[in-house]
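Q: Here is what each chain is made of, one letter per residue.
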Amino acid sequence: MHANALPPCHDETRAADGSLRPHWRALLASLAQASESQWREWQDSAQQRIRENGITYNVYADPKGADRPWPLDIVPLVLPADEWRGIAAAIGQRARLLDRVLADLYGPQELLADKAVPPALVYGHNGFLWPCRGIAPPGGRFLHLYAADIARGPDGRWWVLADRTQAPSGAGYALENRAIVSRLFADACRDLQVQQPGEWYRALQEVLAAHAPVDDGEMPFVVLLTPGPHNETYFEHVFLARHLGFVLAEGQDLTVRGDSVFLKTLGGLKRVHAILRRLDDDFCDPLDLRADSTLGVAGLVEVARAGRVLIANALGSGVLESPALTGFLPGLCERLLGEPLAMPSVAAWWCGEAAALEYVARNIDALVIKPAYPSQRMEPVFGNRLDATERAQWIERIRARPNAYVAQEIMQLSQAPVLVRDLATGDTSQLVSRAVGLRVYAVATADGRWQVLPGGLARVAGDTNHDILSMQRGGSSKDVWVLSDASSQPAVALPETIGLRDIVRAPVSLPSRAAENLFWLGRYLERAESHARLLRLALTRLVESDARESGAPVLALCVQAGLLPAHANAAARSDRGLPAAVFDGQWPGGLLDTVRRAGLAAGQVRERLSADHWQALEQLQDIARRAAAARTRPRLDAALALTDRVLSACARLTGHAMDDMVRDAGWRFMVSGRRIERLQCVSALVAGLLEQHADAPDAAVLLLGATDCVDTWRYRYPRPPELLPALDIVVFDEGNPRALMFQAGKLLGTLAKLRQQIDGVPDGGLASATEALQVGGLDAAFADPRAGLPLLARQLRQLWQATATLSNQLADRHFTHVADATSRSLAV
Amino acid sequence: MAATGYRVVHLTAYHYAAPVSLSHHVLHLLPRPCAWQQVKDARIEVDPPATRRIDREDVFGNPEVRLSFEAAHTELRVMSHLYLRVDERPWAARGDHGPPWDTVQAALRLEGDAPLEPRQFRFESPMVRVKHLLSGYAAPSFPPGRPLLAAVADLVSRIHADFSYDPAATQVGTSVLDVLAQRRGVCQDFAHLAIGCLRSLGLAARYVSGYLRTDPPAGQPRLVGADASHAWFAVWCPGHGWVEFDPTNDCEADQRHLLLAWGRDFGDVSPLRGVIQGSAGHSLSVQVTVTPDE
Numbered sequence: 001m002h003a004n005a006l007p008p009c010h011d012e013t014r015a016a017d018g019s020l021r022p023h024w025r026a027l028l029a030s031l032a033q034a035s036e037s038q039w040r041e042w043q044d045s046a047q048q049r050i051r052e053n054g055i056t057y058n059v060y061a062d063p064k065g066a067d068r069p070w071p072l073d074i075v076p077l078v079l080p081a082d083e084w085r086g087i088a089a090a091i092g093q094r095a096r097l098l099d100r101v102l103a104d105l106y107g108p109q110e111l112l113a114d115k116a117v118p119p120a121l122v123y124g125h126n127g128f129l130w131p132c133r134g135i136a137p138p139g140g141r142f143l144h145l146y147a148a149d150i151a152r153g154p155d156g157r158w159w160v161l162a163d164r165t166q167a168p169s170g171a172g173y174a175l176e177n178r179a180i181v182s183r184l185f186a187d188a189c190r191d192l193q194v195q196q197p198g199e200w201y202r203a204l205q206e207v208l209a210a211h212a213p214v215d216d217g218e219m220p221f222v223v224l225l226t227p228g229p230h231n232e233t234y235f236e237h238v239f240l241a242r243h244l245g246f247v248l249a250e251g252q253d254l255t256v257r258g259d260s261v262f263l264k265t266l267g268g269l270k271r272v273h274a275i276l277r278r279l280d281d282d283f284c285d286p287l288d289l290r291a292d293s294t295l296g297v298a299g300l301v302e303v304a305r306a307g308r309v310l311i312a313n314a315l316g317s318g319v320l321e322s323p324a325l326t327g328f329l330p331g332l333c334e335r336l337l338g339e340p341l342a343m344p345s346v347a348a349w350w351c352g353e354a355a356a357l358e359y360v361a362r363n364i365d366a367l368v369i370k371p372a373y374p375s376q377r378m379e380p381v382f383g384n385r386l387d388a389t390e391r392a393q394w395i396e397r398i399r400a401r402p403n404a405y406v407a408q409e410i411m412q413l414s415q416a417p418v419l420v421r422d423l424a425t426g427d428t429s430q431l432v433s434r435a436v437g438l439r440v441y442a443v444a445t446a447d448g449r450w451q452v453l454p455g456g457l458a459r460v461a462g463d464t465n466h467d468i469l470s471m472q473r474g475g476s477s478k479d480v481w482v483l484s485d486a487s488s489q490p491a492v493a494l495p496e497t498i499g500l501r502d503i504v505r506a507p508v509s510l511p512s513r514a515a516e517n518l519f520w521l522g523r524y525l526e527r528a529e530s531h532a533r534l535l536r537l538a539l540t541r542l543v544e545s546d547a548r549e550s551g552a553p554v555l556a557l558c559v560q561a562g563l564l565p566a567h568a569n570a571a572a573r574s575d576r577g578l579p580a581a582v583f584d585g586q587w588p589g590g591l592l593d594t595v596r597r598a599g600l601a602a603g604q605v606r607e608r609l610s611a612d613h614w615q616a617l618e619q620l621q622d623i624a625r626r627a628a629a630a631r632t633r634p635r636l637d638a639a640l641a642l643t644d645r646v647l648s649a650c651a652r653l654t655g656h657a658m659d660d661m662v663r664d665a666g667w668r669f670m671v672s673g674r675r676i677e678r679l680q681c682v683s684a685l686v687a688g689l690l691e692q693h694a695d696a697p698d699a700a701v702l703l704l705g706a707t708d709c710v711d712t713w714r715y716r717y718p719r720p721p722e723l724l725p726a727l728d729i730v731v732f733d734e735g736n737p738r739a740l741m742f743q744a745g746k747l748l749g750t751l752a753k754l755r756q757q758i759d760g761v762p763d764g765g766l767a768s769a770t771e772a773l774q775v776g777g778l779d780a781a782f783a784d785p786r787a788g789l790p791l792l793a794r795q796l797r798q799l800w801q802a803t804a805t806l807s808n809q810l811a812d813r814h815f816t817h818v819a820d821a822t823s824r825s826l827a828v
Numbered sequence: 001m002a003a004t005g006y007r008v009v010h011l012t013a014y015h016y017a018a019p020v021s022l023s024h025h026v027l028h029l030l031p032r033p034c035a036w037q038q039v040k041d042a043r044i045e046v047d048p049p050a051t052r053r054i055d056r057e058d059v060f061g062n063p064e065v066r067l068s069f070e071a072a073h074t075e076l077r078v079m080s081h082l083y084l085r086v087d088e089r090p091w092a093a094r095g096d097h098g099p100p101w102d103t104v105q106a107a108l109r110l111e112g113d114a115p116l117e118p119r120q121f122r123f124e125s126p127m128v129r130v131k132h133l134l135s136g137y138a139a140p141s142f143p144p145g146r147p148l149l150a151a152v153a154d155l156v157s158r159i160h161a162d163f164s165y166d167p168a169a170t171q172v173g174t175s176v177l178d179v180l181a182q183r184r185g186v187c188q189d190f191a192h193l194a195i196g197c198l199r200s201l202g203l204a205a206r207y208v209s210g211y212l213r214t215d216p217p218a219g220q221p222r223l224v225g226a227d228a229s230h231a232w233f234a235v236w237c238p239g240h241g242w243v244e245f246d247p248t249n250d251c252e253a254d255q256r257h258l259l260l261a262w263g264r265d266f267g268d269v270s271p272l273r274g275v276i277q278g279s280a281g282h283s284l285s286v287q288v289t290v291t292p293d294e
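Those protein sequences? They're chains P and F, same order as listed. Everything in the first sequence is counted per this note's numbering, starting at 1 for the first residue and increasing by one. Everything in the second sequence is counted per this note's numbering, starting at 1 for the first residue and increasing by one.
Do not take every clue at face value.
[To be verified] Partial chain F-side listing against chain P, Cβ under 8 Å, derived:
1) His24
2) Ile44
3) Arg53
4) Ser68
5) Leu110
6) Glu111
7) Arg119
8) His132
9) Leu133
10) Gly136
11) Ser141
12) Gln171
13) Val172
14) Gly274
15) Val275
[To be verified] Below 25 Å or equal to it, Euclidean Cα-Cα: the simulated DMTMM-like pairs (lysine to aspartate or glutamate) are:
16) F:Lys131 to P:Asp292
17) P:Lys264 to P:Asp759
18) F:Lys131 to P:Glu379
19) P:Lys264 to F:Glu70
20) P:Lys264 to P:Asp215
21) P:Lys270 to F:Asp293
22) P:Lys115 to F:Glu117
23) P:Lys370 to P:Glu358
24) P:Lys753 to P:Asp644
25) P:Lys115 to F:Glu111
26) F:Lys131 to P:Glu390
27) P:Lys753 to P:Glu722
28) F:Lys131 to P:Glu83
29) P:Lys115 to F:Asp113
30) F:Lys131 to P:Asp733
31) F:Lys40 to F:Asp293
32) P:Lys370 to P:Glu390
33) F:Lys131 to P:Glu321
34) P:Lys370 to F:Glu111
35) P:Lys115 to F:Asp102
36) F:Lys131 to P:Asp759
Quick caveat, the hints were computed from the structure, so don't treat them as lab data. All C-beta atoms, glycine included, are put in the ideal place defined by N, C-alpha and C.
Work the whole structure out from these sequences, hints included.
A: Here is the structure:
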């Protein structure tokens, strides 16, 4: 803890006299009534929701840390209605003020000429985007979204710690937190009339639509611009895009033509009217901003200058994210709004002012030193943790470049109850006090006001000794409950109803990149399934037999499918070699690798998959990750169990693909991927078998086993399998979904439907290869197996070739070509 | 001395290994008119023809041309034809070295009385960081009380003496600190270095892009395409305004210096920058011919 001289922290739950604050009574009472095991159940249930919904954030510093589960403490932070009204008004005022400040900095710069804002804090700030000066945003707003990090001091007042004007994150996590916590404490949430967040998200949709510069007769088309899956808060981008109904786009999905920006879709270029930006502004355009950015859209600044796209927040809004600016806000508020600033900022001294520099030099032990510009990479330095020499060094360093430093008061944050699990035992939970801060979100409304999200995202420190609130550093989050009172009943706005004219059945705004990833998701899932089946067959043979001989053909098929290295054939016959291959996560093209690739493709199109579908994918990924991480030497039974688990997860995914996906172009690409893959796997397998092992005694058994048609045989023929009728089931039977002819027919149908939606869908020679097979195949084989089977094998090879050609042609014509989509910056 | 007339022809040609389907370019190839520089003719020819061309002023007031090409192309040729008349710079005749540099430094502080315009060029910019190493290098030229322009002239002479001109040593993106460490570079590096030194001392300095008249050896003809783009810098000096120095040639800018544009650093005013869509390689050729009137 800090020195004893500091005043005691404010306790969120109890007044100074120890009495419970009234707005906490109901919640704490229901917590107190519950048993410790109930607490743990709640925690487990929240954890499970987080895992199942794939609520994650990425930790940059951690090499293994991609996709950490989102940390949530289940006890909400409770705030009374009247106190919240004050907070909301103050945050709305601040948003209004900062929007006006931006309008001046990117316009006349009178504030700089008068030094109401020190020129150093703008001209010296790498977030001031010079090429954006003079751009007037459509609708006149520079800020559409604003967030403030606020905290309560020992005196019980709220203070602003930091302003977020670039691309505020966390509002999506706040919504997920609410969904989880309100379910755990459903009764309390209802009884307390906790204010709901829905209106806020609607306001965001409305304001973007209202300010989007549409031409006559156009519907506003909004995309959410994301840096992509490696970003810290990618989960939230996906979540918000889906929740708000915006297309999730990366920079490479967009292109500038003429004076406008377009989304590259399967149906052609589609004009984008508004961009909700989660990509930092300096990365948004390699032509006019950072030339090294590969995440942006060349020419976007020029489109904004022409007033042809709304970008929220405006390019350049990050310039206000400096702790040095806060000290100037009271004066700016009086000057620009003619009213006092409602919520103070934590006291800050920008060393670029001579008097402030001297104050900091005298009082450094009571201050925390921060960089004035985000381009300086330094962690905050707490003066009270420096020894005399270090202090002197810091003062010298600050004097040498005073503009670059700001010192803030060290604030004692208020404390809120957190339910923690005893780390030693893992099974006792207790309520402890932790420092808490709050991120509050404001959105501009279409009628010119600011609306504040009731609640927001509370963050708690990772341990009792820390006042630093950061998800990146082991902190946690909380839901925030703002209670209702008589005057806070939300006005129920009647939403405009959707008329018949507005009915949307098939938005053809599918980005080409999404189509490509859906196609490959389909292919990899199908590949995982058929490979798992083949491996299971091979493993079963090892279990069942003494039969080294009878195992040989199936192992050869595994080698042919790329599941085993060719030279390892002999070793793989053993009951050690094959299981080891199954568990080998490093083997390119192996089962686990294929599952991983499916996960990568799915991660790119997450917003197009339902939550349940995504959960099923996560489950499959989890199976593969655990298997790849297994340390014990793989045994036969474990390998068999693994293939079983993969197969059942795949079956569940097939169900989702068929049952809960809309039949749009994206689905058709995914299903085409599946069918092409199945045709490839089965035609290669059958052809290989016919070419190499047609004489093997159990060729028919292998054929049926590897294609999952054993049961079909049993229903039809009450006798041991024979090759020719087995071929009928596996290749020709148009009523059997496992059969090649069935799959080829369905694929041709899907391609025909796609042709009705988009131009240039290829065929690859599939129709003629299918027909050749149909006409010749089975009769010739029955008539003369010796000549007919090799002919069939050749026809199957042709079918394989046709599907390979089809896949390449689809890629050439419809997908984002990575090579072409790469942009390069030139300068001479 | 009377104004000198110059014709400039500047050709930039890109050859791409594979067709480029879309490209956007920003050109700073048209000269900025100033008190001492009249622009009599300035034209840009482009092949293939651009899908779209916009002419306007950039944020620093320089003429800027923006070109987009939406049809596939494997070659891009941009040729500018200029005719300029360049007079003596106004400060050259005055012969005083300005106020002490430390009073200029004080005027540029928050509390100081310097106007807003020079403050734009007082802080670090993407290609010019503000560093102790740079103010340390500059320090011997800046004893307390020394007139600003004398101090800057001394810094320019030291850079000229300490650094060798070596086109192989650096690239467009080489940082000022690397240049300082290896003591080699080209005109752009020396301009950035001087600017970094001055800003690190709390002074205002900006980057100037243009051309330099060179004269062939006596008795030999002027070679077409033998010239090049050039870069130097200007320092803000109360009473004089912006005074230009050429560290590559250890001199103040004079009638041999033809000015195109100024900005915080090269990135603001690079003659031709662009983004092409496509991953193919490219080759580049640049030819500049500066011909003074006889």
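Q: Tell me, in ascending order, the numbers of any earlier hints that this structure violates.
A: Those not satisfied are hints 2, 3, 9, 10, 11, 12, 21, 24, 27, 28, 30, 36.
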